[in-house]
Each structure stands twice: as structure tokens, then as C-alpha cells.
Amino acid sequence: MTFVAKPRARHPLLPLNELNLTRRDYEGAVSTLCAGCGHDSVSAAIVQACAELSLPPHRFAKLSGIGCSSKTPSYFLDKSHGFNSVHGRMPSVATGANLANRALYCIGVSGDGDSASIGLGQFAHIVRRRINMLYIVDNNGTYGLTKGQFSATNDRGSTSKRGVPNLYEPIDLASMALQIGASFVGRSFSGDKRQLAPLIKAGLMHPGMAFLDVISPCVAFNNHNGSTKSFQYVREHSGKLMEADYIPQSAEINADYEPGSAEDLLMPDGSTLRLRKVDANYDVHDRIGALAHVQRCQDEGEVLTGLLYVDPDAADCHDILETVETPLNALTEEDLCPGSRELARLNDSFR
Amino acid sequence: MKPTNIFDPNYFHKVVDCQWACPAHTPVPEYIRLIAQGRYTEAYMLNWDSNVFPGILGRTCDRPCEPACRRVRTEEKPVAICRLKRVAADHKGDISAYLPRVPSRKNGKRIALLGAGPASLAVARDLLPLGYEVHLFEKDPAGGGMMRSQIPAFRLPADVLEEEVDLILNMGVECHFNQEITSMKEMLAMDFDAYFVGTGAPRGRDLNLPGRQEVDQHISIGIDWLSSVAFGHTNSIAGDVIVMGGGNTAMDCCRTSKRLGANSVTVVVRSAFEVMKASDWEKEDAMSEGIPIVNNRPPKEFVHENGKLKGVIFGCVKPVKGEDGRLRYEPSGEPDVFLKADRILMAIGQENHCPWIERDVGIQFDKWDCPILDETTLQSTHPKVFFGGDSAFGPENIIWASAHAHQAAISIHLFCQGQDLKADRPPEGVNLLSTKMGIHEWSYDSEHDPAVRYLVPHADKKQALGNIKIEVELGFDRRLGAKEAQRCLNCDVQTVFTDRLCIECDACVDICPMDCISFTDNGEEDELRQRLTAPALTTEQDLYVSGPLATGRVMVKDEDVCLHCGLCAERCPTNAWDMQRSVVHLPQLGSYAG
Ligand SMILES: Cc1cc2nc3c(=O)[nH]c(=O)nc-3n(C[C@H](O)[C@H](O)[C@H](O)COP(=O)(O)OP(=O)(O)OC[C@H]3O[C@@H](n4cnc5c(N)ncnc54)[C@H](O)[C@@H]3O)c2cc1C
Ligand SMILES: Cc1ncc(C[n+]2csc(CCOP(=O)(O)OP(=O)(O)O)c2C)c(N)n1
Ligand code: SF4
Ligand code: SF4
Ligand code: SF4
Ligand SMILES: [Mg+2]
Numbered sequence: 329m330t331f332v333a334k335p336r337a338r339h340p341l342l343p344l345n346e347l348n349l350t351r352r353d354y355e356g357a358v359s360t361l362c363a364g365c366g367h368d369s370v371s372a373a374i375v376q377a378c379a380e381l382s383l384p385p386h387r388f389a390k391l392s393g394i395g396c397s398s399k400t401p402s403y404f405l406d407k408s409h410g411f412n413s414v415h416g417r418m419p420s421v422a423t424g425a426n427l428a429n430r431a432l433y434c435i436g437v438s439g440d441g442d443s444a445s446i447g448l449g450q451f452a453h454i455v456r457r458r459i460n461m462l463y464i465v466d467n468n469g470t471y472g473l474t475k476g477q478f479s480a481t482n483d484r485g486s487t488s489k490r491g492v493p494n495l496y497e498p499i500d501l502a503s504m505a506l507q508i509g510a511s512f513v514g515r516s517f518s519g520d521k522r523q524l525a526p527l528i529k530a531g532l533m534h535p536g537m538a539f540l541d542v543i544s545p546c547v548a549f550n551n552h553n554g555s556t557k558s559f560q561y562v563r564e565h566s567g568k569l570m571e572a573d574y575i576p577q578s579a580e581i582n583a584d585y586e587p588g589s590a591e592d593l594l595m596p597d598g599s600t601l602r603l604r605k606v607d608a609n610y611d612v613h614d615r616i617g618a619l620a621h622v623q624r625c626q627d628e629g630e631v632l633t634g635l636l637y638v639d640p641d642a643a644d645c646h647d648i649l650e651t652v653e654t655p656l657n658a659l660t661e662e663d664l665c666p667g668s669r670e671l672a673r674l675n676d677s678f679r
Numbered sequence: 004m005k006p007t008n009i010f011d012p013n014y015f016h017k018v019v020d021c022q023w024a025c026p027a028h029t030p031v032p033e034y035i036r037l038i039a040q041g042r043y044t045e046a047y048m049l050n051w052d053s054n055v056f057p058g059i060l061g062r063t064c065d066r067p068c069e070p071a072c073r074r075v076r077t078e079e080k081p082v083a084i085c086r087l088k089r090v091a092a093d094h095k096g097d098i099s100a101y102l103p104r105v106p107s108r109k110n111g112k113r114i115a116l117l118g119a120g121p122a123s124l125a126v127a128r129d130l131l132p133l134g135y136e137v138h139l140f141e142k143d144p145a146g147g148g149m150m151r152s153q154i155p156a157f158r159l160p161a162d163v164l165e166e167e168v169d170l171i172l173n174m175g176v177e178c179h180f181n182q183e184i185t186s187m188k189e190m191l192a193m194d195f196d197a198y199f200v201g202t203g204a205p206r207g208r209d210l211n212l213p214g215r216q217e218v219d220q221h222i223s224i225g226i227d228w229l230s231s232v233a234f235g236h237t238n239s240i241a242g243d244v245i246v247m248g249g250g251n252t253a254m255d256c257c258r259t260s261k262r263l264g265a266n267s268v269t270v271v272v273r274s275a276f277e278v279m280k281a282s283d284w285e286k287e288d289a290m291s292e293g294i295p296i297v298n299n300r301p302p303k304e305f306v307h308e309n310g311k312l313k314g315v316i317f318g319c320v321k322p323v324k325g326e327d328g329r330l331r332y333e334p335s336g337e338p339d340v341f342l343k344a345d346r347i348l349m350a351i352g353q354e355n356h357c358p359w360i361e362r363d364v365g366i367q368f369d370k371w372d373c374p375i376l377d378e379t380t381l382q383s384t385h386p387k388v389f390f391g392g393d394s395a396f397g398p399e400n401i402i403w404a405s406a407h408a409h410q411a412a413i414s415i416h417l418f419c420q421g422q423d424l425k426a427d428r429p430p431e432g433v434n435l436l437s438t439k440m441g442i443h444e445w446s447y448d449s450e451h452d453p454a455v456r457y458l459v460p461h462a463d464k465k466q467a468l469g470n471i472k473i474e475v476e477l478g479f480d481r482r483l484g485a486k487e488a489q490r491c492l493n494c495d496v497q498t499v500f501t502d503r504l505c506i507e508c509d510a511c512v513d514i515c516p517m518d519c520i521s522f523t524d525n526g527e528e529d530e531l532r533q534r535l536t537a538p539a540l541t542t543e544q545d546l547y548v549s550g551p552l553a554t555g556r557v558m559v560k561d562e563d564v565c566l567h568c569g570l571c572a573e574r575c576p577t578n579a580w581d582m583q584r585s586v587v588h589l590p591q592l593g594s595y596a597g
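Chains A and B, in that order, are what the protein sequence lines are. According to our numbering, the residues represented by the first sequence are 329 to 679, in order. According to our numbering, the residues represented by the second sequence are 4 to 597, in order.
None of these hints come from the bench; they were simulated from the model. Ideal Cβ positions, reconstructed from N, Cα and C, are used throughout, including at glycine. Among the hints, a few may not be true.
Residues of chain B clear of chain A, computed beta-carbon distances all greater than 12 Å [said to hold, decoys possible]:
id, residue
1, R74
2, D97
3, V218
4, P322
5, R456
6, A462
7, L570
Below, simulated BS3-like cross-link-like pairs (lysine-lysine); rule was C-alpha separation at most 25 Å, straight line [stated by the list, open to error]:
id, chain 1, residue 1, chain 2, residue 2
8, A, K334, B, K80
9, A, K334, B, K439
10, B, K324, B, K280
Construct the complete structure from the given sequences, taking the supplied hints into account.
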């Protein structure tokens with residue numbers, strides 16, 4: 329942990345975004361995580377993505393549970409709203425926040441312990457309800473905060489720091505998300521911001537449940553030989569499916585790619601998501617195909633990264649519940665209590 | 004790009020912008036740290052070792068270090084390096100224990116130093132501890148050269164000058180004052196083992212315009228007038244004074260005139276304000292004393308009535324930027340202007356001038372009347388004769404005089420020992436010492452201080468203008484000095500990268516407040532500079548490039564705006580980054596630092 333505050337000084341050429349803010353205006357407190365922790369890189373990618381999107385920092389809600397990963401919302405967007413909840417319960421709080429104020433950008437950051445162990449039930453239900461948010465799991469295959477026990481995403485046969493193998497099958501959160509209703513599913517690596525930052529941008533702008541499984545090595549407890557979530561292992565075994573470019577509405581779109589190798593997706597806000605595919609035959613809209621591909625790669629020991637699946641037109645929870653456009657927290661007493669005559673009319677309709 | 008060789012003594016030396024820019028390569032951040040620790044005596048000696056006149060320079064140096072200071076690039080205002088030097092000088096304790104011992108038994112070699120300016124004095128200081136017998140010849144009654152004869156007391160008090168001059172003379176210099184040298188032949192006949200010519204650039208330029216001869220009585224050459232003030236021959240000036248010229252001599256002339264009773268003082272410069280040779284702070288000081296500076300007015304004619312000066316007619320020009328970016332001057336179309344004057348001080352430059360060196364003694368001169376010298380050894384075409392200071396390449400300043408002196412002293416020593424002046428010259432070197440003391444503890448104060456440059460207090464203006472001996476700048480006291488010292492970025496504490504330790508976790512990239520660090524594919528420098536975390540557009544600043552890493556990429560660090568805050572090293576899990584103090588070893592004789 330660093331005691332010294334990060335200087336306010338910045339590079340003289342640091343660009344200003346549309347809000348006249350620099351990337352530095354999207355940072356948070358100096359991280360107290362171990363030096364080199366992958367989670368800090370994920371935070372840096374979030375900072376970069378939000379700055380590049382020119383989103384107003386005070387319109388964010390940051391939600392998390394418990395764990396090193398769940399501490400990270402303190403380290404980005406320090407001018408936003410945040411709720412650090414209890415272990416595994418981030419989804420409940422996120423659901424509440426999003427239902428109460430649909431106008432906020434919701435970012436949930438959780439860990440593999442937080443989401444795949446204690447919080448697995450909560451994870452399943454928030455995905456199923458398609459809350460409009462970006463749900464990031466900093467996946468290090470371990471309980472970092474409690475000093476390195478195997479987590480539920482740890483691969484069978486992968487060893488602990490002292491060489492003891494893990495005996496159980498891993499849970500793959502990306503596969504689960506595909507199965508139960510997420511309309512945007514991706515996987516990335518903390519050590520590859522070039523891939524990660526555009527995925528975060530796209531996930532933030534996606535109207536619905538966007539889930540990102542980010543392999544994020546724990547340098548303290550799970551970065552040894554024998555780990556399948558170490559920097560070295562991931563770099564040696566990662567298979568890139570595609571890279572995403574997020575192109576805002578205002579920018580010019582030029583087409584300089586081989587036919588079939590890229591696909592432009594129009595997002596509801598008018599922006600474009602350009603997918604540069606490694607395998608031209610992969611269909612990012614085929615949920616079942618994606619599921620099969622992810623599973624196959626996993627069996628072959630390959631860490632598949634990129635955008636796995638997207639359905640930009642899927643309904644989110646507010647669509648399903650047919651809530652009003654106005655955020656619920658902005659409704660007045662008059663809106664909420666239409667009066668006894670209205671109540672009588674409603675009661676009559678049930679008779 | 005090839006991996007950077009950090010053991011090349013120049014590599015990290017260049018990162019210490021101030022030290023690199025200083026002609027004598029004074030280890031600036033090291034002495035500033037000593038000041039921050041209240042160790043004024045040590046800070047003073049570190050300066051004395053490399054620039055010889057810290058008290059004098061702390062007031063008068065031309066400060067090439069300050070525009071080079073990294074703070075200029077990270078914010079705007081440099082660290083007040085020069086004034087901190089003065090803090091060390093003003094607050095030092097007894098230095099006697101630190102001074103080099105001069106052996107009583109001499110080494111048998113006799114050296115003649117011609118002229119007692121800073122150049123000769125510094126050569127004396129370097130040679131004496133090695134047992135040389137040093138003879139100093141000077142036409143004036145005391146040592147110091149132009150530091151005594153030109154720089155006015157309101158910028159450099161006499162006691163400060165004398166303390167540092169006497170320190171050297173008392174090391175055992177054989178002084179021959181009041182002896183004007185009129186013949187180099189005669190000097191050579193005295194058969195010294197080597198000669199150092201430090202007679203300066205003593206001739207002030209004149210302007211031959213209509214009326215010049217007639218008004219001769221009312222015109223003085225600036226440097227001659229200043230020296231007659233310094234030696235007490237002149238102590239007043241009357242009427243309306245025009246100072247012609249835009250350099251530091253002009254600034255000293257106008258400020259001195261103001262103090263000696265002039266009715267009005269005006270500085271008139273032929274060129275634009277921005278390109279005036281005078282340092283910014285000297286211009287500021289003159290203007291704040293109420294002296295107008297009139298620019299873009301080339302003189303045309305001295306107006307007189309029967310030899311009594313009435314004033315000067317000036318033309319009017321306007322500066323135009325040429326395609327090469329340099330200013331040219333065109334007539335502005337305004338009518339000529341007449342300025343009333345009773346006295347004129349001509350401060351339009353100095354020249355080298357050694358009429359006493361016969362042109363047949365083997366010392367060759369170029370067409371500007373400067374001696375032909377080897378730039379490294381400062382040896383002239385006569386093997387026994389060396390030059391330094393203003394006499395070598397034309398008028399410079401005190402810090403250049405010290406820098407030349409160190410090189411000349413090495414050459415003289417090698418020459419007297421029968422060694423080769425180039426092949427046997429001692430090499431430069433660099434030492435790197437880790438500053439790591441604990442996981443998050445460094446032996447330097449790494450935290451970045453965002454404070455802006457502190458202002459130095461000045462003497463009461465009314466009093467200062469009434470007495471030429473009252474020093475204008477009062478200097479920082481200990482408290483302000485300590486605060487200003489805190490602004491130093493410690494550029495000599497280097498970010499040292501060990502490629503085989505790096506796991507490419509990006510922690511350093513993420514924490515770096517200045518976006519200095521990139522991990523990327525290698526490439527040619529020009530192209531690489533464009534695609535770093537932040538584009539590296541200051542091409543004078545180096546890129547630090549590692550060997551290939553596990554992914555095949557390289558680490559590239561742009562040295563340009565690094566704050567030396569050490570956060571990269573704090574956040575690195577493997578110590579691939581370490582903060583190491585670089586100590587540049589520059590050869591110098593008689594160095595107390597060993
Ligand atoms: C008005 C003015 C202000 C200046 N202000 C500054 C300043 O603020 N900061 C700064 O860094 N520099 C300043 N300078 C420049 C600086 O003074 C010189 O660059 C520096 O003194 C040069 O040192 P030197 O040893 O080469 O020669 P000098 O200092 O010129 O010394 C030469 C000595 O040789 C003697 N000498 C010359 N000919 C003979 C002879 N034939 N026989 C015997 N003795 C002889 C002279 O009397 C003199 O003592 C200023 C110069 C002027 C003119
Ligand atoms: C209800 C509850 N049970 C157990 C704990 C102890 N605990 C704290 S963090 C943690 C695991 C965190 O793992 P993960 O979510 O993967 O985060 P990481 O630290 O690896 O980023 C556990 C079990 C707790 N804080 N609360
Ligand atoms: S214990 Fe692991 S997960 Fe937690 S901060 Fe340290 S490196 Fe990161
Ligand atoms: S010391 Fe390191 S972290 Fe600090 S500015 Fe320099 S490169 Fe960046
Ligand atoms: S923090 Fe250290 S290990 Fe990580 S990328 Fe930087 S130098 Fe390499
Ligand atoms: Mg974990």
C-alpha cells in the first residue's frame with residue numbers, strides 16, 4: 329500500500345474530453361491493494377473508459393460487495409455515488425439503486441469469491457432480471473482479501489501457492505451469464521487494457537445487463553507456477569476472439585477492414601460498436617453457439633477473450649416491468665398518490 | 004530502438020536538467036537536499052567544489068540551470084536554484100575543516116596566471132592543493148576581475164566578494180597586483196612551466212555616429228564607467244542619462260546612475276524587448292526601480308551645441324518575424340524621435356582585446372581576435388599557454404569562467420606531468436545507489452510538492468535607491484529557503500528499470516501521474532515517440548528503452564516530465580523499478596569530494 333497521495337500534477341498534453349475533464353478527473357483515492365494487483369489495472373481501464381466517453385462522474389453509481397476487488401470502487405470516480413455492501417450482496421443493492429434511479433450509470437465490481445461463492449444466488453438473479461448495469465468480476469481464482477483460499481472459479485488441478493491442487497470443478501461465470509439472460513457478455517484480462525477499455529465502454533453504453541469476466545491476477549496469492557490465473561499463464565493461453573472498438577456517435581466511421589473480419593453494431597444511443605474478429609465465422613449474436621464455443625475452449629485449456637455475445641435490442645428490467653421513463657426517485661407524491669378516486673377506480677376494476 | 008545504456012555517464016546526467024545545463028555541472032539537487040536538511044555548510048562546500056564562488060554566484064549567476072529546470076516543463080516556474088545557492092552561502096558555518104590542504108613542499112612546477120578574474124582564481128584553487136607554485140599578475144590593486152570592477156555593490160556586496168576571493172588567495176597564491184602586463188614575450192621569458200591567460204574581454208564597444216567625436220566628453224563606455232564607480236573614482240552622475248544597449252551591462256549602468264543622482268535615466272535599445280540580452284530578472288529589477296526601457300529605437304545621431312550634448316536622435320523600427328523564426332527590423336513609418344540627454348553610457352557589448360600579446364610568439368588568433376584553442380583542453384597554439392574565461396571565446400559569465408578553469412587546470416597538470424592532454428584526461432563516470440530503505444521508504448523526500456515558486460524579499464526601495472551599497476535582494480531566510488528547497492524534484496534520483504524482473508502487470512503505468520511509462524512494441528524513435536501512453540514530443544529529452552520483455556514488448560519511459568516521485572517503484576511488485584541516486588563523476592583537480 330502506498331501512503332503518498334498521487335500528485336495532482338499531470339502531463340501537459342493530457343487531452344480534455346467533451347466535458348473539459350481529463351482522465352485524471354475520473355480517478356479515485358490511491359489504491360491500498362498490493363502493488364501489482366490486477367484489480368488496479370481494471371480500475372485504470374474504467375477510468376480511461378469513462379473519461380473517453382465524456383460521461384459526467386457524478387452520474388455514476390458504484391456498487392460492490394466484499395473483497396479486494398470490491399474495495400476498488402474507492403479507487404476510481406471519486407466524484408460519484410457508491411455503496412460498498414456486504415459479501416455477495418452487491419446485486420441486491422444494485423437492483424435497488426437501478427430501480428430507484430434508472431438515469432444513473434450503474435457499475436458493479438465484484439470478485440470471484442463475492443459472485444461465484446457466497447453471492448452465486450444473487451449473481452444468478454440479477455442477471456436473470458437483466459438489470460441495466462455493467463457487472464464486472466475481477467476474477468483472480470482466489471479469495472485475495474482473506475489471504476488466498478481457492479475460490480469457486482479456480483480451475484481443477486490448479487495449485488495453491490504451496491503446491492496443493494484444487495479438487496473441484498470451476499464455475500464459469502461468463503457461461504452462466506450467457507445461459508440465464510445477460511444481453512452482453514465478454515471476457516478480458518487486466519493486463520490487456522487495449523482490449524479491456526473498449527469492452528468497458530461498450531458495456532457501459534449497452535442498455536441492459538452487461539457482464540464482464542476480467543481475469544485479474546492476484547500477485548500476492550495466485551501468481552505462481554501452477555496457477556491458471558497468473559499473468560504468465562493467461563498470456564500464454566489466451567485466445568483472442570475479437571477486439572471491440574467503441575465509436576461514439578460524434579466520430580466519423582471509416583471502414584478499413586477485410587470483409588467478414590469486422591462487424592459494426594449500431595447501439596441504441598447512435599454510437600457504433602465495431603468488432604474486429606479473429607475468427608470470421610464466429611457469430612456474436614448466436615447465444616447457444618457462443619456457449620458451446622466458450623465451453624469447448626475451456627476444455628482445451630484456452631482462455632477465450634473478447635466480446636462473446638451481444639443482443640443490443642434485448643429488454644432490460646425496466647422494459648420488462650414497464651416502469652415509467654422518469655426515474656422513480658424523481659416522482660412526486662402527486663405522481664405516486666393519484667388520490668382516493670383513482671384508488672376506488674382501481675379497486676373497481678378487480679371486482 | 005536499442006536498449007538504453009544507463010552506465011553511460013551522460014545518460015542520467017542529462018536527466019538532471021539543471022546540472023547538465025550548468026557549465027560547471029554543479030550537482031544541484033544534491034545541494035538543495037542538503038539545504039532542506041539544514042546542512043548549509045555541506046551544501047556550500049559541494050558548490051564551492053564545483054563552481055568555486057557560491058556566495059557570488061548565488062547572487063549574480065546567469066543561471067542557465069533555471070530555464071532548464073524540469074519544473075518549467077511540469078508547471079511553469081523553475082526552482083529558485085540560484086537563490087538557494089545563496090541560502091547555503093548566507094547560512095553556512097565554519098568551512099575551514101572542509102578546505103583542501105595545500106602542501107608546504109611544492110612540486111617544483113611554477114604556473115603564471117594572467118589577470119585575477121574568476122577564471123584565474125579558479126585555476127589557482129584547483130592547482131594549489133597539488134603543490135604547484137602559482138603566480139598571479141593583475142593590473143588592478145585587488146583580485147576578482149569584473150566581479151569587482153563591474154558588478155555593482157547593490158547586487159554583490161564587497162564582503163561577499165572579498166570572502167571568496169581571499170579564500171583562494173590565502174591558499175598560497177603569489178600575488179603581483181598593480182602590474183599591468185604589456186608584453187607576452189616578457190612573460191614567456193620568465194620561463195614559467197605553464198601560463199594561463201585570464202585577462203577577460205576588457206574592451207567596451209563604441210558607436211561611430213555623427214556627432215560622436217564632438218560630444219566625447221559626455222559619453223562613457225559603460226564598463227569603463229562602472230569600473231571607475233567600483234574603484235571609487237566616480238561617485239555621481241548629473242542630468243538626464245541615456246543608457247544605450249540591452250544587455251546586463253546596460254542594466255547595471257542604468258541602476259547605478261539612478262543611485263548616483265541622475266535626474267532621469269532611460270534605457271534605449273535598438274531591438275525588441277523579448278530579444279534583449281539582459282536576463283529577465285535584471286530587466287524586471289530595473290523597471291521596478293522606475294527606469295523606462297524604450298525598444299526598437301536604433302540611434303542615428305548625437306545632437307550637440309558647440310560640443311555640449313543635447314540629446315540623441317533615434318529611428319523607429321518594428322520587428323518582423325522572418326521565415327527562420329528570427330526577428331528582422333523594418334522601418335515602422337513613425338518619424339524619428341529626439342531624446343534629451345546630458346550624459347550617455349554606451350553599453351552595447353564587449354570584445355576580446357589583447358594588444359599585449361605579440362603576434363609572433365606562437366599564439367595564433369582568429370579573425371575576431373580570439374585565440375585559436377582546443378575546445379577540450381583550452382590549450383592555445385603555444386603549448387605552454389592556456390586560455391579560459393572571457394579571454395577564451397569572448398564575453399560569457401562567471402560560471403563559464405569556473406567551468407573553463409577546471410578544464411584548463413586539468414590540462415596544465417597533465418602538461419606539467421608530461422602526459423597527453425587528451426588521451427590521459429581522466430574519464431567521467433556514474434554511480435547508482437538505491438534509495439530504498441523500506442517498502443515505502445526512500446532516503447529522499449519523494450513526495451511531490453505542488454507549491455509555486457516563492458518570492459524573494461527585497462530591501463526597501465527608497466533606501467536602496469539612495470545608497471549604492473545597499474543590496475537589493477535580501478535572499479531567502481532559512482524558513483523560505485527550506486520551503487523553496489522542497490520544490491526540487493530530485494531529478495538525480497533516477498527511475499532505474501531491470502527488465503528481467505518485470506512481470507508486465509501495468510501497475511507502474513497506472514500509477515504514474517505524468518504518463519511517462521509505456522509497454523509497447525519496439526520501433527524507430529520518431530515513430531515510437533508518437534504512440535506512447537502520452538506522446539513524447541520533447542525530442543531533446545531521451546526515451547529510456549528496456550531490453551525485450553516476456554511478451555516481446557519493451558518498456559519505454561519518456562524522461563521529459565517525470566516527477567521522480569517514486570510511485571512507479573512503490574507500486575511495482577517485483578522491484579523492477581528502483582529509485583537510485585545517480586552521482587556523476589566529472590574529473591576535477593583538487594576536489595575536496597575526492
Ligand atoms: C557590467 C557587467 C556585469 C556583469 N554581471 C555579471 C553577472 O551578474 N553575472 C555573471 O556571471 N557575469 C557577469 N558579468 C560577466 C563576468 O563579469 C565575466 O564574464 C567574468 O568576470 C569573466 O571572468 P574572467 O576571469 O575571464 O575575466 P575578468 O573577470 O574580466 O578578469 C580579467 C582580469 O584581468 C585583468 N587584466 C586584463 N588585462 C590585463 C593586463 N594586460 N595586465 C594585467 N591584468 C590584466 C583585469 O584587470 C581583470 O582583473 C558582467 C560583466 C559586466 C561587464
Ligand atoms: C459474510 C462474509 N463471509 C466471509 C467473509 C470473509 N471474506 C472476506 S473477503 C472474502 C473473499 C473475497 O474473495 P473475492 O470476492 O474473490 O475477492 P478478492 O479479494 O479475491 O478480490 C471472504 C470470504 C466476509 N467478509 N463476509
Ligand atoms: S491480495 Fe491479491 S487480490 Fe488482494 S490486493 Fe493483493 S494482489 Fe490484489
Ligand atoms: S517517478 Fe515514476 S511514477 Fe513518478 S513521474 Fe516518474 S515515472 Fe512516473
Ligand atoms: S509495476 Fe513493475 S512488474 Fe509491473 S509492469 Fe511496472 S515494472 Fe513491470
Ligand atoms: Mg478473488
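So, going through the hints one by one against the coordinates:
1. The beta carbon of R74 of chain B sits about 10 Å from the closest Cβ of chain A, which is not more than 12 Å, so the claim that it is off the interface is violated.
2. Residue placement check: D97 of chain B keeps its beta carbon more than 12 Å from all beta carbons of chain A (closest about 37 Å).
3. With a cut of 12 Å on Cβ distances, V218 of chain B stays outside the contact zone with chain A, its closest approach being about 53 Å.
4. Distance to chain A confirms P322 of chain B as a non-interface residue, since its nearest Cβ pair spans about 28 Å, more than 12 Å.
5. With a least beta-carbon separation of about 15 Å from chain A, R456 of chain B lies farther than 12 Å from that chain, consistent with its non-interface assignment.
6. For A462 of chain B, the condition that its CB be more than 12 Å from all CB atoms of chain A holds, with the nearest at approximately 35 Å.
7. With a cut of 12 Å on Cβ distances, L570 of chain B falls inside the contact zone with chain A, its closest approach being about 7 Å.
8. Taking the CA atoms of K334 of chain A and K80 of chain B, the gap is near 21 Å; set against the 25 Å cutoff, the hint holds.
9. With a CA separation close to 19 Å, the supplied pair K334 of chain A and K439 of chain B stays within the 25 Å bound.
10. Only pairs whose Cα atoms come within 25 Å are accepted, and K324 of chain B paired with K280 of chain B is accepted, the gap being roughly 18 Å.
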